[in-house]
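Visitor: This is what each chain is made of:
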Amino acid sequence: DAMVIQNPRYQVTQFGKPVTLSCSQTLNHNVMYWYQQKSSQAPKLLFHYYDKDFNNEADTPDNFQSRRPNTSFCFLDIRSPGLGDAAMYLCATSRDLPGLETQYFGPGTRLLVL
Amino acid sequence: GENVEQHPSTLSVQEGDSAVIKCTYSDSASNYFPWYKQELGKRPQLIIDIRSNVGEKKDQRIAVTLNKTAKHFSLHITETQPEDSAVYFCAASPSYNQGGKLIFGQGTELSVKP
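So the protein sequences, as listed, match chains G and V.
Per my numbering, the very first residue in the first sequence carries number 1; after that it's consecutive.
Per my numbering, the very first residue in the second sequence carries number 1001; after that it's consecutive.
Careful: at least some of the hints might be erroneous.
Below are the EDC-like pairs computed for lysine to aspartate or glutamate, each with C-alpha atoms no more than 16 Å apart in a straight line [stated by the list, open to error]:
1. V:Lys-1058 / V:Glu-1079
2. V:Lys-1113 / V:Glu-1079
3. G:Lys-52 / G:Asp-96
4. G:Lys-44 / G:Asp-85
5. V:Lys-1022 / V:Glu-1005
6. V:Lys-1071 / V:Glu-1002
7. G:Lys-44 / G:Glu-57
8. G:Lys-38 / V:Glu-1039
9. G:Lys-38 / V:Glu-1109
10. V:Lys-1071 / V:Glu-1056
11. G:Lys-44 / V:Glu-1079
12. G:Lys-44 / V:Glu-1056
Per the computed footprint, the stretches of chain V lying under chain G, defined by three or more beta-carbons under 8 Å from a beta-carbon of chain G, are [claimed, not checked]:
13. 1044–1054
14. 1102–1108
These are computed hints drawn from the structure, not numbers from a lab.
Being a predicted model, the structure only gives us computed values, none of them experimental.
Glycine is no exception: its CB is placed at the ideal position from the N, C-alpha and C atoms.
Assemble the whole structure, with the sequences as input and the hints as a guide.
Guide: Here it is in structure tokens:
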């Protein structure tokens, strides 16, 4: 369970103040995902990396960016958080894309925007 | 693209009874169908999955059935216990060469009453 790690677990930021969430994995998985999950809703995929290849979902706002400097780490940058960005942010990894390999979720970072 | 519908949205059962959650999908090319359990404030955890070359899979009290012709799959939990109370998400994934990613259903909140 500790193989997909997210920091911090809780993050409070101010409206418009950039924030970065981090995810690390010890599984050496090729694929890393970022999901946004709001209360009582299913996780919503923002983007994913297959190795260094970045794949953005069509409806992901430009306010959300991601970086994957190496296999183990992936970051979610929210450039100007709005009140509507308050949510749980889940990182997930898989050895290969779904359909071929299982996807595992990290514990999540709960973001509060004041 | 793929669309997954999940029913019911809430389900309440007595301890010891069975619970059934149903999902339908639209993309006949989908070939991987996981089920995730998410307890309040925690990460989604994979509880069982099935691939399109299999009609049924069982793991202790949990089973999943897949009907590819009708494009639906179901989660069956027998002898329910209070610790089964959680939100359950089904998902479907198109094949790898179609940019495979998980498409989630809307979730079912299962409540098991002692």
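Visitor: Which of the listed hints are broken here?
Guide: Those not satisfied are hints 11, 12.
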